Amino acid sequence: MPLTHLKHLEAESIHIMREVVAETERPVMLFSAGKDSAVMLHLARKAFFPASPPFPLLHVDTTWKFRAMYQARNEAAAATGMKLIVHQNPHAIAQGINPFDHGSLHTDLWKTEGLKQALNLHGFDAAFGGARRDEEKSRAKERIFSFRSASHRWDPKNQRPELWRLYNTRKAKGESIRVFPLSNWTELDVWHYIHREKIEIVDLYLAAPRPVVERDGMLIMVDDERFALRPGETASLRMIRFRTLGCYPLTGAVESTARTVPEIIQEILLSAYSERHARAIDHDQAASMEMKKQEGYF
Amino acid sequence: MKSPIASGVAASSVLAEAYLQSQDQKSILRFITCGSVDDGKSTLIGRLLYDSRALFADQVAALEMEARGGGAPGASIDLARIVDGLAAEREQGITIDVAYRYFATDKRKFIVADTPGHEQYTRNMATGASTADLAVILVDARNGVVTQTRRHAYLVQLMGIRSVVLAVAKMDLVAFSQARFDAIVEEFERFAKSIELSRCVAIPVSGLHGDNVSDKSARTPWYEGPALLDHLETVQVATARMADRPFRMSVQWVNRPDQTFRGICGLIGSGEVSPGDTIRVQPGSATTKVRSIVTYDGDLDTSVAGQSVMLTFTDDIDCSRGDVLTAADSPCDVADTFDATLVWMDVDELLPGRSYLMKIGARAVVGSVTNIKHQIAIDTLEHTAARTLGLNAIASVDVSLDRPIPFEPYAENPDLGGFILIDRMNNRTVAAGMIRSALYRTQNIHAQILDITRDAHAAQKNQKPCVVWFTGYSGAGKSTIANLVEAKLHALGKHTFLLDGDNVRHGLNRDLGFSDADRVENIRRISEVAKLMADAGLIVLTAFISPFRSERQMARGMLPEGEFIEVFVDTPLAVAESRDVKGLYKKARSGLIKNFTGIDSGYEPPEAAEIHISTVDMIAEKAADFIVDYILGAR
Ligand SMILES: Nc1nc2c(ncn2[C@@H]2O[C@H](COP(=O)(O)OP(=O)(O)O)[C@@H](O)[C@H]2O)c(=O)[nH]1
Numbered sequence: 001m002p003l004t005h006l007k008h009l010e011a012e013s014i015h016i017m018r019e020v021v022a023e024t025e026r027p028v029m030l031f032s033a034g035k036d037s038a039v040m041l042h043l044a045r046k047a048f049f050p051a052s053p054p055f056p057l058l059h060v061d062t063t064w065k066f067r068a069m070y071q072a073r074n075e076a077a078a079a080t081g082m083k084l085i086v087h088q089n090p091h092a093i094a095q096g097i098n099p100f101d102h103g104s105l106h107t108d109l110w111k112t113e114g115l116k117q118a119l120n121l122h123g124f125d126a127a128f129g130g131a132r133r134d135e136e137k138s139r140a141k142e143r144i145f146s147f148r149s150a151s152h153r154w155d156p157k158n159q160r161p162e163l164w165r166l167y168n169t170r171k172a173k174g175e176s177i178r179v180f181p182l183s184n185w186t187e188l189d190v191w192h193y194i195h196r197e198k199i200e201i202v203d204l205y206l207a208a209p210r211p212v213v214e215r216d217g218m219l220i221m222v223d224d225e226r227f228a229l230r231p232g233e234t235a236s237l238r239m240i241r242f243r244t245l246g247c248y249p250l251t252g253a254v255e256s257t258a259r260t261v262p263e264i265i266q267e268i269l270l271s272a273y274s275e276r277h278a279r280a281i282d283h284d285q286a287a288s289m290e291m292k293k294q295e296g297y298f
Numbered sequence: 001m002k003s004p005i006a007s008g009v010a011a012s013s014v015l016a017e018a019y020l021q022s023q024d025q026k027s028i029l030r031f032i033t034c035g036s037v038d039d040g041k042s043t044l045i046g047r048l049l050y051d052s053r054a055l056f057a058d059q060v061a062a063l064e065m066e067a068r069g070g071g072a073p074g075a076s077i078d079l080a081r082i083v084d085g086l087a088a089e090r091e092q093g094i095t096i097d098v099a100y101r102y103f104a105t106d107k108r109k110f111i112v113a114d115t116p117g118h119e120q121y122t123r124n125m126a127t128g129a130s131t132a133d134l135a136v137i138l139v140d141a142r143n144g145v146v147t148q149t150r151r152h153a154y155l156v157q158l159m160g161i162r163s164v165v166l167a168v169a170k171m172d173l174v175a176f177s178q179a180r181f182d183a184i185v186e187e188f189e190r191f192a193k194s195i196e197l198s199r200c201v202a203i204p205v206s207g208l209h210g211d212n213v214s215d216k217s218a219r220t221p222w223y224e225g226p227a228l229l230d231h232l233e234t235v236q237v238a239t240a241r242m243a244d245r246p247f248r249m250s251v252q253w254v255n256r257p258d259q260t261f262r263g264i265c266g267l268i269g270s271g272e273v274s275p276g277d278t279i280r281v282q283p284g285s286a287t288t289k290v291r292s293i294v295t296y297d298g299d300l301d302t303s304v305a306g307q308s309v310m311l312t313f314t315d316d317i318d319c320s321r322g323d324v325l326t327a328a329d330s331p332c333d334v335a336d337t338f339d340a341t342l343v344w345m346d347v348d349e350l351l352p353g354r355s356y357l358m359k360i361g362a363r364a365v366v367g368s369v370t371n372i373k374h375q376i377a378i379d380t381l382e383h384t385a386a387r388t389l390g391l392n393a394i395a396s397v398d399v400s401l402d403r404p405i406p407f408e409p410y411a412e413n414p415d416l417g418g419f420i421l422i423d424r425m426n427n428r429t430v431a432a433g434m435i436r437s438a439l440y441r442t443q444n445i446h447a448q449i450l451d452i453t454r455d456a457h458a459a460q461k462n463q464k465p466c467v468v469w470f471t472g473y474s475g476a477g478k479s480t481i482a483n484l485v486e487a488k489l490h491a492l493g494k495h496t497f498l499l500d501g502d503n504v505r506h507g508l509n510r511d512l513g514f515s516d517a518d519r520v521e522n523i524r525r526i527s528e529v530a531k532l533m534a535d536a537g538l539i540v541l542t543a544f545i546s547p548f549r550s551e552r553q554m555a556r557g558m559l560p561e562g563e564f565i566e567v568f569v570d571t572p573l574a575v576a577e578s579r580d581v582k583g584l585y586k587k588a589r590s591g592l593i594k595n596f597t598g599i600d601s602g603y604e605p606p607e608a609a610e611i612h613i614s615t616v617d618m619i620a621e622k623a624a625d626f627i628v629d630y631i632l633g634a635r
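Order-wise, the sequence lines are chains H and D.
Quick note: the first sequence uses my numbering, first residue 1, plus one each step.
Quick note: the second sequence uses my numbering, first residue 1, plus one each step.
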């Protein structure tokens with residue numbers, strides 16, 4: 001009887017995490033409180049049990065996440081006993097960068113620059129991220145261990161072949177690795193695992209009546225008073241949930257009645273849309289993800 | 001954004017429950033697809049993804065939009081485009097090596113490694129195949145078995161894939177002819193047999209129309225086998241095969257939260273383990289018993305191949321990362337030299353004798369290729385002699401390591417027989433290798449016990465041995481300074497020996513030229529000789545260009561800490577060339593000498609030499625005094 005697919009994925013992710021801890025000097029886990037982060041953190045707890053994971057959590061904050069995410073983030077860190085580092089790019093704060101007025105500059109400064117700053121500041125040489133290869137076309141060929149130059153650039157021509165379970169983690173001073181332990185998981189696998197393992201998730205993933213505005217073809221939730229209505233716009237209560245979570249003004253909701261994890265799974269099975277469909281960041285320009293990655297975005 | 005089916009489905013929970021239940025039996029199959037350009041590979045993968053609903057409406061809509069190109073709505077989508085999302089990158093000149101796709105049925109989750117068929121094929125296919133349980137080899141029904149098909153079959157065999165599907169594609173274009181199918185299968189099987197490829201299952205398909213992909217086709221009534229997907233759902237996966245072998249686990253990490261607890265972590269490569277089992281910690285021979293298998297979800301009674309676990313032992317036996325735990329009654333062999341197959345993956349060629357880092361299991365050791373027995377021409381399978389290996393070369397080689405390791409032949413256990421080589425200078429992964437067997441020759445030599453120790457040799461000469469390694473361009477002044485140093489040491493009653501081109505190139509190394517490969521071998525031999533002389537208690541001086549950091553590093557690594565003194569005789573190329581004492585630069589410039597350092601062959605200056613002599617600022621006599629002081633004073 002071979003291992004079930006979730007056991008297999010779990011074993012692989014744990015193996016990857018242990019390899020990083022054994023071979024790098026200062027690993028860190030990027031933690032956004034989203035579902036992938038939650039699964040990744042759960043796997044880390046399994047990998048290092050009975051000790052707590054031997055690295056801190058890092059949240060590269062934009063100040064524009066959903067309020068519920070901040071709460072979930074703090075609770076998760078407290079529950080694991082891991083140190084939580086929150087980094088906000090001081091230049092972005094000073095310039096008041098926000099998703100309403102600054103378009104892609106918002107992502108560039110808060111996320112891309114913010115991440116680089118945080119990694120440099122603490123001297124982290126390996127960072128776990130929750131990205132999956134099924135999320136987006138350009139990720140299909142991404143390595144599990146992805147190398148970044150000292151200036152955090154991703155050079156797609158210069159990535160190392162990955163054979164068997166043998167990861168080459170060697171790097172020169174200043175270089176770092178982004179490690180994706182969930183590379184081989186799909187959205188369904190993640191939900192199925194959350195269900196099986198009873199992993200806590202932010203309730204924004206579950207359907208509830210929430211105030212939303214329809215803008216540029218997306219349903220945007222009005223999460224706090226900073227949301228300025230445009231002329232003619234009104235917020236209305238609709239039964240919605242989110243398939244993916246980011247900055248609230250940039251994240252589209254889907255109308256849904258799924259209030260439990262099995263119902264979410266049900267919905268995905270029947271769904272007609274991919275997960276990233278509702279993310280403004282990917283629509284920016286054709287090869288957007290590719291470009292952002294080269295610049296150092298996760 | 002509203003998804004029309006999803007919202008308002010009342011009978012929802014029934015489907016979800018059934019789904020969740022079926023998922024608990026689900027296993028993973030990883031496979032690779034191989035085909036030459038336009039054989040219909042992308043179309044076939046696209047069909048599998050499409051039929052298994054691994055695509056969402058927005059992705060399909062985007063494809064429809066592309067298909068229409070502004071034309072009529074409803075045009076059928078191009079299935080190949082689903083997986084061809086990388087076309088744009090190709091235009092940008094980005095190398096796509098392996099792309100991974102995912103789809104699932106109720107029985108299995110599938111991970112497809114898709115390798116585009118361009119010139120990097122060997123390297124990419126080896127990478128994709130290394131994790132695959134099964135290979136689908138595609139043949140265009142119109143073209144039959146072509147050179148590329150043989151190449152794919154050979155690589156599949158080389159990488160040890162046990163399950164092979166021959167998909168005869170585009171059957172619609174040969175009117176679903178049984179005669180055509182049979183002829184192709186017969187030709188393929190003849191070749192497969194000649195390379196000892198595992199038995200394969202041949203399936204006539206049309207990716208475009210879906211025949212025999214998810215369902216059996218009515219258009220091939222003569223075909224009695226399964227549809228492709230049925231076969232993929234039922235074929236045995238590799239981890240299942242590994243479960244029946246003896247227990248092996250590479251120790252990945254030792255978990256020590258406090259003084260009272262020690263957990264040994266790793267992924268079980270083969271067999272199974274239970275509390276009470278007696279296991280061996282290799283390469284040593286000590287044994288211990290498993291006390292418990294500790295997990296976050298509680299202790300386990302048994303764990304099997306493929307699981308990541310943590311074991312505790314009944315005693316405090318030494319055990320650290322890289323060790324291999326094995327069933328005590330059927331341990332692994334241990335050796336330090338191997339017969340292996342190598343796939344070279346880097347633009348810089350393999351240089352025999354150069355030391356590389358080998359990663360195998362959870363262990364990294366230093367090793368080198370001591371001999372290229374032959375290279376294998378992938379299209380003809382001819383064996384040819386080779387002195388170096390370039391990108392995508394495949395060869396049978398001897399590998400020698402700096403210490404013995406537990407291993408198993410790759411064909412039996414990829415986990416303990418597959419390895420990568422890493423360049424120690426630039427950290428690139430330069431090769432994949434597969435151990436075939438151990439070579440025991442050198443082990444006997446190791447066993448020889450030397451009665452007179454190294455220290456005894458040195459003590460008798462009343463000196464501390466060392467190797468003073470001069471490096472720099474031709475004409476930099478290495479020999480001049482080295483000769484002065486030796487004369488001064490000799491005058492002081494020290495026992496010395498100077499190795500230079502004059503006494504080495506004409507004898508020991510007279511079979512070597514000046515190619516990169518020969519330069520590496522030249523330095524390797526000199527290092528070995530220098531080391532033996534240092535063992536004999538001598539102060540050894542070497543004066544060779546020794547252009548590569550790697551080899552100087554290797555020489556350093558052979559000696560005890562502090563006994564290797566690197567002297568960089570730093571004369572800028574322009575100065576050395578203007579002196580041109582022996583007239584060599586002139587000859588090199590005019591093309592009379594090939595592979596001349598600084599002209600058409602590289603020099604890598606030391607980054608942290610013990611002694612740095614700038615000959616522009618210091619005369620030879622002074623430099624020699626300085627070095628002698630260092631050798632005697634600093635020690
Ligand atoms: N008639 C027919 N055409 C096919 C079939 N499969 C692929 N093709 C066509 O063959 C061409 C190359 O297919 P593609 O999947 O891109 O090949 P790849 O280069 O191997 O990925 C395309 O024009 C396809 O439409 C098939 O089963 N029947």
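The hints are simulated quantities; they were obtained by calculation from the structure and are not laboratory data.
Wrong hints could be hidden among the right ones.
Here are the in silico distance ranges between beta carbons for each label pair [claimed, not checked]:
(1) Ala78(H) x Arg549(D): 44 to 54 angstroms
(2) Asp297(D) x Leu269(H): 21 to 31 angstroms
(3) Asp299(D) x Glu75(H): 45 to 55 angstroms
(4) Asp315(D) x Glu75(H): 50 to 60 angstroms
(5) Glu604(D) x Arg153(H): 53 to 63 angstroms
Think about it this way: if two alpha-carbon atoms lie no more than 16 angstroms apart in a straight line, the pair counts; the simulated EDC-like pairs of lysine to aspartate or glutamate are [stated by the list, open to error]:
(6) Lys531(D) x Glu561(D)
(7) Lys594(D) x Asp502(D)
(8) Lys373(D) x Asp346(D)
(9) Lys116(H) x Glu75(H)
(10) Lys157(H) x Asp346(D)
(11) Lys464(D) x Glu577(D)
(12) Lys173(H) x Glu607(D)
(13) Lys107(D) x Asp24(D)
(14) Lys488(D) x Glu607(D)
(15) Lys198(H) x Asp398(D)
(16) Lys7(H) x Asp502(D)
(17) Lys46(H) x Asp297(D)
(18) Lys7(H) x Asp297(D)
(19) Lys289(D) x Asp329(D)
(20) Lys289(D) x Asp301(D)
(21) Lys586(D) x Asp600(D)
(22) Lys494(D) x Asp315(D)
(23) Lys594(D) x Glu607(D)
(24) Lys373(D) x Asp329(D)
(25) Lys107(D) x Asp230(D)
(26) Lys582(D) x Asp502(D)
(27) Lys216(D) x Asp230(D)
(28) Lys46(H) x Asp230(D)
(29) Lys171(H) x Asp301(D)
Here the structure is a predicted model, which means the values were calculated and not measured.
Heads up, the beta-carbon is just placed ideally off N, CA and C, and yes, glycines get one too.
Identify every previously stated hint that the structure contradicts and give their numbers, smallest first.
-> 3, 4, 5, 7, 8, 9, 11, 14, 15, 16, 22, 23, 24, 28, 29
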